[in-house]
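Sequence order for the protein chains is A and B.
Note that full-length UniProt numbering numbers the first sequence so that position 49 is 49, with each residue one more than the last.
Note that full-length UniProt numbering numbers the second sequence so that position 16 is 16, with each residue one more than the last.
Calculated from the structure, these hints are not laboratory results.
Note that the coordinates shown come from a computational prediction; the quantities given were computed from them, not determined experimentally.
Idealized CB from N, CA, C, for every residue including glycine.
There's no promise every hint is true.
Claimed, not checked - Computed cross-link-like contacts, DMTMM-like style, restricted to lysine to aspartate or glutamate with a CA-CA straight-line distance of at most 25 Å:
#1 Lys148/B with Glu75/A
#2 Lys148/B with Asp116/A
#3 Lys148/B with Glu91/A
#4 Lys148/B with Asp85/A
#5 Lys138/B with Asp111/A
#6 Lys148/B with Glu228/B
#7 Lys138/B with Asp116/A
#8 Lys138/B with Glu91/A
#9 Lys161/A with Glu145/B
#10 Lys148/B with Asp231/B
#11 Lys138/B with Asp165/B
#12 Lys148/B with Asp101/A
#13 Lys138/B with Asp158/A
#14 Lys138/B with Asp157/A
#15 Lys148/B with Glu68/A
#16 Lys138/B with Asp231/B
#17 Lys148/B with Glu215/B
#18 Lys161/A with Glu140/B
#19 Lys161/A with Asp165/B
#20 Lys148/B with Asp111/A
Stated by the list, open to error - Just a few of them, taken from the derived set where beta-carbon distance is under 10 Å, the chain A residues facing chain B:
#21 Arg114
#22 Arg133
#23 Asp157
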Amino acid sequence: MSALEAVTAPRAAVRPLLRVCGLSKSYGETVGCVDVSFTLYPGEVIGIVGESGSGKSTLLNLLCAQLEPDAGTVEYDVGGEGLRDVFCLPEPQRRRLMRTDWGLVHQNPRDGLRMDVSAGGNVGERLMAVGARHYGAIRGEALDWLSRVELDGGRIDDRPKHFSGGMQQRLQIARNLVTRPRLVFMDEPTGGLDVSVQARLLDLLRGLVREMGIAAVVVTHDLAVVRLLADRLMVMRRGRVVEEGLTDQVLDDPHHPYTQLLVSSVLQV
Amino acid sequence: MSAARPAWDEAYNFAYLDEQTKRMIRRALLKALAVPGYQVPFGGREMPLAYGWGTGGMQVTASVIGPSDTLKVIDQGADDTTNAVSIRRFFQRVTGVNTTEATEQADIIQTRHRIPEVPLREGQILVYQVPQPEPLRKLEPRETETRKMHGFGEYGLMHVRLYEDIARFGHIATTYSYPVMVNGRYLMSPTPIPKFDNPKMRNNPAIQLFGAGREKRIYAIPPYTRVESLDFEDHPFEVQRWPHACALCGSRESYLDEVVLDDSGGRMFVCSDTHYCATRRAAGHSGAMAEGSVARALAPSAGKQEDSHERA
Ligand SMILES: Nc1ncnc2c1ncn2[C@@H]1O[C@H](COP(=O)(O)OP(=O)(O)OP(=O)(O)O)[C@@H](O)[C@H]1O
Ligand SMILES: [Mg+2]
Ligand SMILES: [Zn+2]
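Bound-form chain B, shown alone:
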């Protein structure tokens, strides 16, 4: 089976990290899986990328990946952004594993800010890059205090934040990093995914792992776990909806990004999940602009505006 798979660059240990570090991270992962939503500190290592480029997620991926795994890397749903491409190349070089853009063919999917549209299955692992693991940090800057709040399940303050949203905007205006309760016990930051993706975390057959490089924290959601988005009885949690379908594939189910077409204010909405969109188009689905030259000129993510979120 040697010919099928390229060997990795043997200047490095398999998956870059040394075996002892990987074991240490795996122990943290097991603990995180045993206590869903709980932030486990770990002795993070330096990775050959700056913090803010997914070093936490990379350490998790490096610790769970095996030579026969297939890896997919996405950044806000796209496989072809600089961040996704450089992480994918890095793992190709230090593991020699196969990579894919097809969600259903991946064993491990490392992601920044999205959950794929195609439902995940048992045996898959979704690795999230985490810029700020502590959902209470903006409300309570003291680490000693947030630790107690988690320990004692004192989460009223999170509802104060949602209350403030409604008081100011008439509805819960938080659209990403929307806080969730995991397994009815721990308050958890879902990372800056859009709240559109929150329901996908619930009862997901895949393993969901979260790595925060700068803060050196790991947390996890085991398969088939209860994940609830916080809300009020009279202001229930709702996901984003769009009045239009994807301009390229016509999907009305997916998360859409706004793409600016020209200087005169022209714009269209397309799937943020590039693989999902391409697959639908290949299967014959099309949207309003699918046949236009504009659409051909634009790869689905080409004109995508860089979001203002903190990088993971």
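With the rest of the complex left out, here is chain A:
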């Protein structure tokens, strides 16, 4: 039994939320990711770290069905009815998953927000997509979510292009969480932000994820982010997972020489 299986053994009674097997993707000659397998349980947060070009975003995009794999499967517990291969789901169902049960927080808020739609409209979009047709109720929900991500409700009718980077990122989070997804994918959620803004955003994210029991896959090259957010960690190098385990164990006692290098370089900062 591997260390990871030992760790997850107590969860055996719980059904997995996401199961990934032998996932590979290359871009012509360039390796994207190779033979990645793992299982994620409800409410669990897994971090993916590695240097630039190690395949983190490729893996994340495969997981949320934005990219088609060359080999391997991604199975998700659709509607709590058991694992189903997401690439075999009919497209409308997969798209529906995308805007209800899943969330996707992009590194660049520009990719995840509608810049010419008000903050309220951005948060309300998913509600309207699943049939909400009461303006007052949609607006109420949007206001509630703005306050939960610590945005001033007075900005509800402002467009995000007038927001700071940190505010845009919080709006992106609100826009995703409003349908109470069970699984959220995040690519460098604090990338490009000032250190102090990063810290507050991380606290906020951790609070929401814990409180709502959301499972998450968080891609970052920042070990401080995974230290704070992730229960488990996968370390990637040249498309492969070279080490995985509980976050604190991996960071405090790295086994793979590459992980040791990553950890030591962060300590020098």
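With chain A held as given, fit chain B with the ligands onto it using these hints.
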């Protein structure tokens, strides 16, 4: 029956288009009628008018018109604007059909931006000129994506637009091209008709055909079809209302245009549907300014300001 009807200019095939093209367009029309509100691509032909002058509508009209049909052409409700006159003359020349301004006498009515006030009847065909067939285009520029949104019935984004209206103006400020759901399935642009006309699309006994020349799309609403204007439960769809009646015929039911009378800010409101207004006046109805010299000096559409909408 030869004397009654002028022959068409035989330098052209009947109705200008060749028979094969007409058959192709009719097939697209049949498909469009079978799937109400769905945009059917068709191999559009060049017409002797620039895009923006109703070439899509003209191709549809050319494909459905027969020698014994009577044609009416309106532009924003008026039979006498340059656009309406040139299309009417074109069809007279290439078909020799009778034309009329009387809505009830027309078999085919080609229109830009209005539905006549007089209710249509079974057997009539209303042909709309369409500048932009895709109601989602402003929200989603990618054609591959809008095609999926129609395919999967993902129309939440349209409500985001209405939400934005209410957030900004306190009410749904969209007054023309107001989006509709056809037969509970397809989101459709009603073309830039005023939302005042939207309710007329619903359960209409006539056939409604839509032709977009530049985008090469045809769509249709068969007779007696459900057509609903999108709205919110707490902000229901409403049509425009005016505090006054038509200055010429006194109608309080029709869609009114504002007409500027003089340089000192004088203005009046008159029916946009010129035939409707004239018919009422002929029947003895009159409005506040009907007897004034100003009214006589002004044909109902003479001072009409050219709207800023894109031309069909
Ligand atoms: N669309 C693409 N076409 C070709 N090569 C790509 C594409 N996307 C990624 N790659 C290559 O695949 C490899 C993995 O890239 P990926 O973006 O997954 O890395 P990453 O770990 O997310 O890096 P970063 O930390 O810089 O975001 C890299 O060599 C990259 O150049
Ligand atoms: Mg990346
Ligand atoms: Zn009138």
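For each hint, the structure was consulted:
1. A hinted pair counts as satisfied when its Cα atoms are at most 25 Å apart, and lysine 148/B with glutamate 75/A qualifies at roughly 24 Å.
2. Distance hint between lysine 148/B and aspartate 116/A is fulfilled; the C-alpha atoms sit about 22 Å from each other, no more than 25 Å.
3. A C-alpha spacing of about 9 Å is found between lysine 148/B and glutamate 91/A, which places the hinted pair at or below 25 Å, so the restraint holds.
4. Taking the CA atoms of lysine 148/B and aspartate 85/A, the gap is near 21 Å; set against the 25 Å cutoff, the hint holds.
5. Straight-line distance between C-alpha atoms of lysine 138/B and aspartate 111/A comes to about 18 Å, which keeps the hinted pair within the 25 Å bound.
6. Between lysine 148/B and glutamate 228/B the alpha-carbon distance is near 21 Å, which keeps this suggested pair within the 25 Å criterion.
7. For the hint pairing lysine 138/B with aspartate 116/A, the CA-to-CA distance comes to about 11 Å; that is within 25 Å, so the pair holds.
8. Of the supplied pair hints, the one linking lysine 138/B and glutamate 91/A holds, its CA atoms being roughly 24 Å apart against a limit of 25 Å.
9. Straight-line distance between C-alpha atoms of lysine 161/A and glutamate 145/B comes to about 24 Å, which keeps the hinted pair within the 25 Å bound.
10. The suggested pairing of lysine 148/B with aspartate 231/B holds, with an alpha-carbon distance near 22 Å, which does not exceed 25 Å.
11. Using a Cα cut-off of 25 Å, the hinted pair lysine 138/B and aspartate 165/B holds, with the two alpha carbons roughly 14 Å apart.
12. Of the pairs offered as hints, the one joining lysine 148/B and aspartate 101/A holds, with about 20 Å between alpha carbons and a cut-off of 25 Å not exceeded.
13. With a C-alpha separation of about 19 Å, the suggested pairing of lysine 138/B with aspartate 158/A holds against the 25 Å cut-off.
14. Of the pairs offered as hints, the one joining lysine 138/B and aspartate 157/A holds, with about 20 Å between alpha carbons and a cut-off of 25 Å not exceeded.
15. Of the pairs offered as hints, the one joining lysine 148/B and glutamate 68/A holds, with about 18 Å between alpha carbons and a cut-off of 25 Å not exceeded.
16. Only pairs whose Cα atoms come within 25 Å are accepted, and lysine 138/B paired with aspartate 231/B is accepted, the gap being roughly 18 Å.
17. Only pairs whose Cα atoms come within 25 Å are accepted, and lysine 148/B paired with glutamate 215/B is accepted, the gap being roughly 18 Å.
18. Straight-line distance between C-alpha atoms of lysine 161/A and glutamate 140/B comes to about 18 Å, which keeps the hinted pair within the 25 Å bound.
19. Using a Cα cut-off of 25 Å, the hinted pair lysine 161/A and aspartate 165/B holds, with the two alpha carbons roughly 18 Å apart.
20. Under the criterion of a C-alpha separation no larger than 25 Å, the hint pairing lysine 148/B with aspartate 111/A is consistent with the structure, at around 20 Å.
21. Because the closest C-beta pair between arginine 114/A and chain B is about 8 Å apart, less than 10 Å, the hint holds.
22. Interface hint at arginine 133/A: satisfied, since its Cβ lies 5 Å from the closest Cβ of chain B, which is below the 10 Å cut-off.
23. Checking aspartate 157/A against chain B: minimum C-beta separation of about 5 Å stays under 10 Å; hint holds.
Checked against the numbered hints given earlier, the structure satisfies every one of them.
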